[in-house]
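Visitor: Chains as they are written, first to last, in full-length UniProt numbering: chain A, 1 to 228; chain B, 1 to 348.
Check the hints yourself; a few may be wrong.
A few chain A residues that face chain B, going by a derived Cβ cut-off under 7 Å, partial list only [stated by the list, open to error]:
id, residue
1, 2
2, 51
3, 55
4, 57
5, 75
6, 78
7, 79
8, 83
9, 91
10, 106
11, 108
12, 110
Cross-link-like lysine to aspartate or glutamate pairs, in silico, EDC-like; alpha carbons within 16 Å at most [said to hold, decoys possible]:
id, chain 1, residue 1, chain 2, residue 2
13, B, 343, B, 249
14, A, 111, B, 249
15, A, 46, B, 56
A short list of chain A residues far from chain B (calculated; beta carbon distances all over 10 Å) [what the hints assert, rightly or not]:
id, residue
16, 16
17, 81
18, 93
19, 102
20, 103
21, 140
22, 141
23, 150
Simulated from the structure, these hints should not be mistaken for laboratory data.
Glycine included, C-beta positions come from ideal geometry on N, C-alpha and C.
The primary structure of each chain is shown beneath.
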Amino acid sequence: MITFDSVNKRYESGQDALVRVSLDIGRGDMVFLTGHSGAGKSTLLKLLTAIERPTRGSILVAGQNLGRLRNGQIPYYRRNLGIVFQNHQLLFDRNVFDNVALPLSVAGCSKREVGRRVRAALDKVGLLHKEKQNPIVLSGGEQQRVGIARAVVNKPAILVADEPTGNLDPQLSAEIMQLFADFNAVGVTVMVASHDLELIARMKRRVLTLQAGQLIYDGVPGREAVIP
Amino acid sequence: MKQSSHRPPQAAHKAQRASRKPQRQEPEAKPRPTGAVAARTRLGDRWHSWLGHHREMAVEALRRFFAAPLASGMTALVIAIALALPAALQLGLLNFQRAVAGWDGQPQISVFLHKDARDTAVQSFAGELRADPAVTEVTYISPEEALREFQQASGLGDALAGLGANPLPAVLLVRPRDTASDRLEALASQLRDSALTDAVVLDMAWVQRLAQLTELGRRLSAGLALLLALGVLLVVVNTIRLHIESRREEILVVKLVGGTDAFVRRPFLYSGLCYGVAGGLLAWLLVSGGAALLSGPVSALASSYDSGYALRGPGFSYLLALTGGAALLGLLGAWVAVARHIKAIEPR
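All chains, full assembly: derive it from the sequences and hints.
Guide: Pasting the structure below:
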């Protein structure tokens, strides 16, 4: 589903953010991406979401080469991704329903369809009763779940999350992770960048560890060995 | 736990995406067992949704316009004033041309003859002129006739009677056949060369001056209109730029969830259109108000000259031209702003 083939990313400042990263994530996999800040996690996610382009090497997502994507194709590519942000990026000028509906109105869904799918997504994250509220009045955990509902409302094949539990307490974090695992269980390929090693260890999933732009670990670890 | 408890919401995504972009998604077009067939975005649906989004954005732009009435109103008023100035000038010129329309008919050359010219010589000169193919009509006004006319028109009869001798010369009014200005000049100089002639006045001269003045006014108003249209454009560009800045977050999120540039542009283009239309309507109201204020004094002035002239206000055509032109300017300004600024807002 996602294939990185010796991908290099050098920023204009001359900084090498990724060095010869090769990895392969199958359809329906769930992987964690970890590493210290500055190790290249964000760069990898930016490449995956077509925010940045690789300097060298190729990235294939569902058979599409991201390096060859024209600017005009990027929006259509992103509609196949669900992206969850650390700061959830909700818009406070509209209610929960409209926030979740955004990817659908962008993709051009009919009104009826939007209502049905938004409610299904909100139901999935347990916030159906809050659709009329402004996200600003919700708690941090609830806001993150609205963000997740927005990411999955378009039924993406791939769900990408950047530090989704960054600001949450351990119990909420575990709930959020379980939510990702639930989506994975129905076939969505999930990639979660996180530095919450304890939580990652408990999930017992494949882990990719980056250090100074290089992939130094790829496997399902025991609790101690996530970062050497 | 209502409508979707039996069916995972994302289960049908493969089939649905495959239907949207089959050429790219073929490898994963395998439908899932729980796929919801109704979840596809059909072409017809997308067309309706596209229209729907346009309608939504138009309504949204209006809502935003009236949500901050003071700010929007001031922007619209700036546009209105900038457009009302050249429109008013244009209307003024139009009215001026209408008022002087009767004057630029047949030009006439007045030939003032020497006071000591003998009557017979004058008559034969007039006869010569009548025979000239360049002249259609010659009217002879003797000094006595001229004096009578002048006394009647000026009311200075007693003063003139006190003068004793008639101070007025005999006059020949010559109507030329050809009114082209070089022919007129040629005829005038020919008349000037005659020994009997004291002075020649070409009435055409100030008719021409009037025409030149009108032309000058027209060009001035066109130049002014061009400059002020540019001003309107800049006002709209700047206003829309501020709109874009204030909705930066939203633009970023929309781009990240797959919004195309066209989708992002749309609300701002409608906002520009809103400013333009509002500015155009206000401009028309300003010009109409101005014309209404002036129409009283103008008709009073006209009636003192025994004329039935009435000021013409900006009619429906001005309404159409002003709102249409302003709407175009608004749209163009918004386009310039989004072309420059929306590209710059990309997720980092």
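Visitor: Of the hints stated earlier, which fail here?
Guide: When the structure is compared with the hints, numbers 1, 3, 4, 14, 15, 17, 18, 19, 20 and 23 turn out to be violated.
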